[in-house]
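**Student:** In case you want the letters, here they are:
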Amino acid sequence: MVIESITALGIEDVIQLPLAGTAVPAGFPSPADDYLEGAIDFNKHLIRNPASTFALRTRGDSMRGVGIFSGDILIVDRAETVNDGSIVIAVVDGGFTVKRLRHRAGKTFLCPENPEFSPIEVTSPDDQIWGVVISSIRNHR
Amino acid sequence: MIAHFDINNCYCSIEAVFNPKLRGLPCVVLSNNDGCVVARSPEAKALGIAMGEPWHLIADKHRAANVQALSSNYALYGDMSRRVMDTARTFAERMEIYSIDEAFLDYSPGANIDKVGRELRATIRRHTGLTVSVGIAPTKVLAKASNRVSKKDPSRGGVFEWPDGGAGEQILCKMKPSDVWGIAGRLEARVAKLGIEDALALSTMPDELARRVLTITGHRIVMELRGIPCLELEEVASAKKSIVCSRSFGRSIESEQELVEAVAAYAESVSSKLRTQKLTAERIQVFASTNPFKPDEEQFHDSVGYTFDTPTNLSFDLIGIATRAAKSLYRPGVRYKRAGVMVFGLGTENATQLSFDSMPAPELERKRRLLAAVDSLNRELGRGTVRSGSVAADPAWKMRAKRLSPRYTTQLSDLPIAFA
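Protein chains in written order, with the working numbering: chain A, 1 to 141; chain B, 1 to 420.
Keep in mind that the hints were calculated from the coordinates and are not lab data.
The beta carbon of each residue, even a glycine, is placed where N, CA and C say it ideally should be.
Hints are supplied without guarantee of correctness; some may be wrong.
[As the list claims (entries may be wrong)] Capping the alpha-carbon separation at 16 Å, the derived lysine to aspartate or glutamate pairs in EDC-like fashion look like this:
{"id": "1", "chain 1": "B", "residue 1": "21", "chain 2": "A", "residue 2": "121"}
{"id": "2", "chain 1": "B", "residue 1": "174", "chain 2": "B", "residue 2": "197"}
{"id": "3", "chain 1": "B", "residue 1": "152", "chain 2": "B", "residue 2": "6"}
{"id": "4", "chain 1": "B", "residue 1": "174", "chain 2": "B", "residue 2": "198"}
{"id": "5", "chain 1": "A", "residue 1": "107", "chain 2": "A", "residue 2": "121"}
{"id": "6", "chain 1": "A", "residue 1": "44", "chain 2": "B", "residue 2": "298"}
{"id": "7", "chain 1": "A", "residue 1": "44", "chain 2": "B", "residue 2": "302"}
{"id": "8", "chain 1": "B", "residue 1": "21", "chain 2": "A", "residue 2": "93"}
[Said to hold, decoys possible] Taking CB as the label site, the calculated pair distances span:
{"id": "9", "chain 1": "B", "residue 1": "411", "chain 2": "A", "residue 2": "118", "range": "26 to 36 Å"}
{"id": "10", "chain 1": "A", "residue 1": "115", "chain 2": "B", "residue 2": "402", "range": "37 to 47 Å"}
{"id": "11", "chain 1": "A", "residue 1": "40", "chain 2": "B", "residue 2": "164", "range": "52 to 62 Å"}
{"id": "12", "chain 1": "B", "residue 1": "108", "chain 2": "A", "residue 2": "41", "range": "44 to 54 Å"}
{"id": "13", "chain 1": "A", "residue 1": "66", "chain 2": "B", "residue 2": "167", "range": "51 to 61 Å"}
{"id": "14", "chain 1": "B", "residue 1": "201", "chain 2": "A", "residue 2": "106", "range": "54 to 64 Å"}
{"id": "15", "chain 1": "A", "residue 1": "137", "chain 2": "B", "residue 2": "163", "range": "24 to 34 Å"}
{"id": "16", "chain 1": "B", "residue 1": "368", "chain 2": "A", "residue 2": "141", "range": "42 to 52 Å"}
{"id": "17", "chain 1": "A", "residue 1": "84", "chain 2": "B", "residue 2": "163", "range": "39 to 49 Å"}
{"id": "18", "chain 1": "B", "residue 1": "201", "chain 2": "A", "residue 2": "135", "range": "56 to 66 Å"}
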């Protein structure tokens, strides 16, 4: 029987890296050792607004130019303001796509970061922009 | 002042947030084992699909109209409900989560609540993609009635504040007594016997008569209809769709043991409520949070949930899971101000498909009898006289859920795909 976590990301166990004090080869211990910190909590650093933050997984190569590769996890905050140049999740043809948002000549475009792909015009931004990508996670193993 | 909000077409709307193809299509969500319709999109309502209809009887008819039928995905609904409630929590000092998709907020006098109502609605929509309707009034019963108006009349922009005097009376005279919160069911027949045909007549009935025929509960509802607050914001609430037991602690709790004990007590209370109403739950959710109005203290609010393979109301199951959930919610050094247990995906005890049950019928029956004995001891000797300490074994049988959407927000393997 497994309790599934339903934290914002559904990550079951927060990975904790102990931030220990200085290694002391000799002499006096560091005075900072009295101020040992806790562990790094990546949820805290990656997620500003837990209620509005979601994770999505990418498929495809159109965003290689900004280092988003197929299979990466995107952290998406719906509360984040959408600006010209934001990397966004948009709804196109009933599915999600990740692209860079650009305002040009009174029009709004979803722009790929890969010359092999073409921009898509956004006709109803309120319905189409789902959230703003605030970071991406890639597994190197 | 009280604001009441609920999520419009909750389950169907949640499905559409993660599957935009569903937008604008008739969509229904089915009860456990894909039995009956438990939720409908506006388009499905327009087709005349009723709540509770057995899907297998109407499936052929509606397939032509492209009706999308989904299994209930309580892991997803529970997580999205948490996000909505966490967002709403920042809008008022006191909140009563009434069910998975609705809550009451308590505002101090002087707040510009119409503005707050609009901001609440806009913020929830932005955070979750879900639309809520908001009703604002001096009492809970009128706030519920206000919400009906804001839902029925789209020109209100999803927020309606109860008007004083004649305008309020006009709304009441168009409401049937059974449309009034708390009247449907037991009190409905008594009201009808008195010849009361609308909510206005109900609100003006003599106090003495109300107390005598409708009991104290009914009299309170009558008073609330007049704008006189009689129903406190409850931290223990029960509704058809879900049962919640949650409390603010008198003092902040810092030890794991205290948190676990509190949560176990709430789970016990929820499970005995389920059994009293002869209901079973499909999913349990446990939440804990710090005091959001003490920003200088470390803030924490989170919840964990678990979907039972077989719907249950057994204390063994509920307390066992709740205890483990509480442990996973515990962080050293965090000052907890509030915790709670919510169960949903409620069904009737008898409808729990015995033939599919993981437990051999005699064993289940023995457990039921044991629980009945425990319940009666607790009734006679005081709550908590007999408590449970064990967890049922893993049920091997899996529920039928052929049309289950992915657990988009709670499983890394189920994340929505963004095409790049």
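**Student:** Run the structure past the numbered hints and jot down the numbers of the failing ones, going up.
**Tutor:** Violated hints (numbers, rising): 1, 12, 15; every other hint is consistent with the structure.
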